[in-house]
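Asks: Top to bottom, those sequences are chains A and B.
Position 55 of the first sequence, counting from 1, maps to 55 under the numbering used here, and the rest follow consecutively.
Position 166 of the second sequence, counting from 1, maps to 166 under the numbering used here, and the rest follow consecutively.
If you are wondering where the hints come from, they were derived from the structure by calculation, not from laboratory data.
One or more hints might be untrue.
From the structure, some residues in chain A lie toward chain B, with a derived Cβ separation under 8 Å [what the hints assert, rightly or not]:
no., residue
1, Ser75
2, Val77
3, Met84
4, Ile88
5, Tyr92
6, Val97
7, Glu113
8, Phe115
9, Leu181
10, Glu201
35 Å max Cα-Cα, derived DSBU-like pairs, lysine-lysine [what the hints assert, rightly or not]:
no., chain 1, residue 1, chain 2, residue 2
11, A, Lys11, B, Lys93
12, B, Lys156, A, Lys57
13, A, Lys118, B, Lys156
14, B, Lys100, A, Lys57
15, A, Lys3, B, Lys164
Quick partial rundown of chain B residues pointing at chain A, CB under 8 Å, derived from the structure [what the hints assert, rightly or not]:
no., residue
16, Cys25
17, Thr111
18, Gly117
19, Asn125
20, Phe127
21, Lys156
22, Ile171
23, Ala180
24, Leu181
Note that the structure is predicted; figures quoted are calculated from it, not measured.
Glycine included, each C-beta is placed from N, C-alpha and C at the ideal position.
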Amino acid sequence: MLKDFTKGIIKENPVFIIVLGLCPALGVSTKVVNSIGMGAGVIFVLLGSNIFVSLLKDFIPEKIRIPSYIVIIASFVTVVEMVMEAFIPALYDSLGVFVPLIVVNCIILGRAEAFANKNTVKSSILDALGMGIGFTLALMLISLVREVFGLGTITLFPIGNFSGVIEIPGISNAPVRVFGLAAGALLVMGFLKALFNWVGELRRVK
Amino acid sequence: MSYIGIIITFVFINNFILTQFLGLCPFIGVSKNVESAVGMGFAVTFVMALASISTWVIYNYILIPLDIEFLQTITFILVIAALVQFVELVIQKISPALYKALGIFLPLITTNCAVLGIALINVRNDFNAIESFIAGIAAGFGFLLAILLMSTIRVKLDSEWVPKPFRGIPIAFITGGLMALAFMAFDNALLNNLLG
Numbered sequence: 001m002l003k004d005f006t007k008g009i010i011k012e013n014p015v016f017i018i019v020l021g022l023c024p025a026l027g028v029s030t031k032v033v034n035s036i037g038m039g040a041g042v043i044f045v046l047l048g049s050n051i052f053v054s055l056l057k058d059f060i061p062e063k064i065r066i067p068s069y070i071v072i073i074a075s076f077v078t079v080v081e082m083v084m085e086a087f088i089p090a091l092y093d094s095l096g097v098f099v100p101l102i103v104v105n106c107i108i109l110g111r112a113e114a115f116a117n118k119n120t121v122k123s124s125i126l127d128a129l130g131m132g133i134g135f136t137l138a139l140m141l142i143s144l145v146r147e148v149f150g151l152g153t154i155t156l157f158p159i160g161n162f163s164g165v166i167e168i169p170g171i172s173n174a175p176v177r178v179f180g181l182a183a184g185a186l187l188v189m190g191f192l193k194a195l196f197n198w199v200g201e202l203r204r205v206k
Numbered sequence: 001m002s003y004i005g006i007i008i009t010f011v012f013i014n015n016f017i018l019t020q021f022l023g024l025c026p027f028i029g030v031s032k033n034v035e036s037a038v039g040m041g042f043a044v045t046f047v048m049a050l051a052s053i054s055t056w057v058i059y060n061y062i063l064i065p066l067d068i069e070f071l072q073t074i075t076f077i078l079v080i081a082a083l084v085q086f087v088e089l090v091i092q093k094i095s096p097a098l099y100k101a102l103g104i105f106l107p108l109i110t111t112n113c114a115v116l117g118i119a120l121i122n123v124r125n126d127f128n129a130i131e132s133f134i135a136g137i138a139a140g141f142g143f144l145l146a147i148l149l150m151s152t153i154r155v156k157l158d159s160e161w162v163p164k165p166f167r168g169i170p171i172a173f174i175t176g177g178l179m180a181l182a183f184m185a186f187d188n189a190l191l192n193n194l195l196g
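So that you can see chain A by itself, here it is in the shape it has in the complex (with noise of 0.2 Å):
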């Protein structure tokens, strides 16, 4: 039951093993915070949809699985969107139109098609949760090396006196840009990819 849960998140992370969701996950790593919001929503809609299709898999007929998961997911999606326009404009324009696109997010419509169709809710949770993390987990990774490098800094919640944004010495005043932009996205993707690759093959070998 436990295994439900954890290989999401690095045996079976979504972005980096499965490499699925990569718009997302590259559109919105420019900063540490965008990916956290992100997560957050993506988390949301996966835990929403994969409840949903669990429940309604026997009453969901064969040949219409897919349009139904859809209108499932979008449904959340939409939820999302308003939430986070009404509580979080900041977040939610910085987005942008990557917040409507977490429909076309082929980690949950996989997850409905691969898992929640065919288990109980409660394994269709923790499966929800463990791929989410994973995702989330992806993008604060990807978003931590593109921030420190291609800003100088790491940006999360501004709490009470602090701002949110930590500096990092050295190089906030001379960061290199190219890794904010897209091709830096892209380049870091390449390099973190290769890098799982390559420890997966260490662990295989041991």
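Chain B: place on chain A using the hints.
Replies: Structure of chain B alone, referenced to chain A:
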């Protein structure tokens, strides 16, 4: 924005794959050989052009009059899913040869971020019907251009030695990154110089 401006913007300056990260999954997944890359590129362009115009009509004549713009995400994805299914049926009936070439790519297009992306971007930019249609075609050609270039590079890469952990997907990303660097030459200054 003039029509030529829209075309240049969506093909080069805001290239969907290399600067906006929309449609990365097929860009990495279907670029292993030139033939399937071109097939995917044309199928996406076709669907994007149709999706742009049909979502524009639905947004302006159904969602706005009924004051239910907040349902745009759910409506657009259903329109796109139905459209893809419809295109599949029509092509199968009219041209079995074209269906054979594009058939396997069509089901994948529903979940391609680029198609839903263009529909949402058209709404955000307040484009009119013709501008939306042109933006759809131009963004599709931008996608075609990027995936075609990528597939020709990957075919060449096949015969080169690559360190083992980098084989396959990582090297594809790094190639994409270098292409994106090259595409940085296309920016708004270029547009201003060309069109004044």
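Asks: Please verify whether Lys156 (chain B) and Lys57 (chain A) have alpha carbons no more than 35 Å apart.
Replies: This hinted pair is violated, its Cα atoms lying about 46 Å apart.
Asks: Is the interface hint for Asn125 (chain B) satisfied, with its Cβ closer than 8 Å to some Cβ of chain A?
Replies: Result: violated, 11 Å to nearest chain A Cβ.
Asks: Need the status of pair Lys100 (chain B), Lys57 (chain A): alpha-carbon distance at most 35 Å?
Replies: holds (33 Å)
Asks: Checking hints one by one. Is Lys156 (chain B) an interface residue toward chain A, by the C-beta closer than 8 Å rule?
Replies: violated (17 Å)
Asks: Next item in the hint list is Glu201 (chain A). Is there a CB on chain B closer than 8 Å to its CB?
Replies: Holds: closest Cβ of chain B sits about 7 Å from Glu201 (chain A), inside 8 Å.
Asks: Is the interface hint satisfied for Ser75 (chain A)? The criterion is a beta-carbon contact with chain B at less than 8 Å.
Replies: holds (6 Å)
Asks: Can we keep the Ile171 (chain B) interface hint, with Cβ of chain A closer than 8 Å?
Replies: With a closest approach of 7 Å, the Ile171 (chain B) hint holds.
Asks: Using the nearest Cβ pair, does Leu181 (chain A) come within less than 8 Å of chain B?
Replies: With Cβ-Cβ at 7 Å, under 8 Å, it holds.
Asks: Classify the hint on Tyr92 (chain A) as holds or violated, based on whether any CB of chain B lies nearer than 8 Å to its CB.
Replies: Violated - the Cβ of Tyr92 (chain A) stays beyond 8 Å from chain B, reaching only about 13 Å at its closest.
Asks: Can the hint on Val97 (chain A) be confirmed by a CB-to-CB distance to chain B that is less than 8 Å?
Replies: holds (5 Å)
Asks: Should the interface hint for Val77 (chain A) be scored as holding, given a Cβ-Cβ cut-off of 8 Å against chain B?
Replies: holds (6 Å)
Asks: Given a cut of 8 Å on the nearest C-beta pair, is the interface hint for Cys25 (chain B) held or broken against chain A?
Replies: Constraint on Cys25 (chain B) satisfied, holds at 6 Å.
When each numbered hint is compared with the structure, violations occur for hints 3, 4, 5, 7, 8, 11, 12, 13, 19, 20 and 21.
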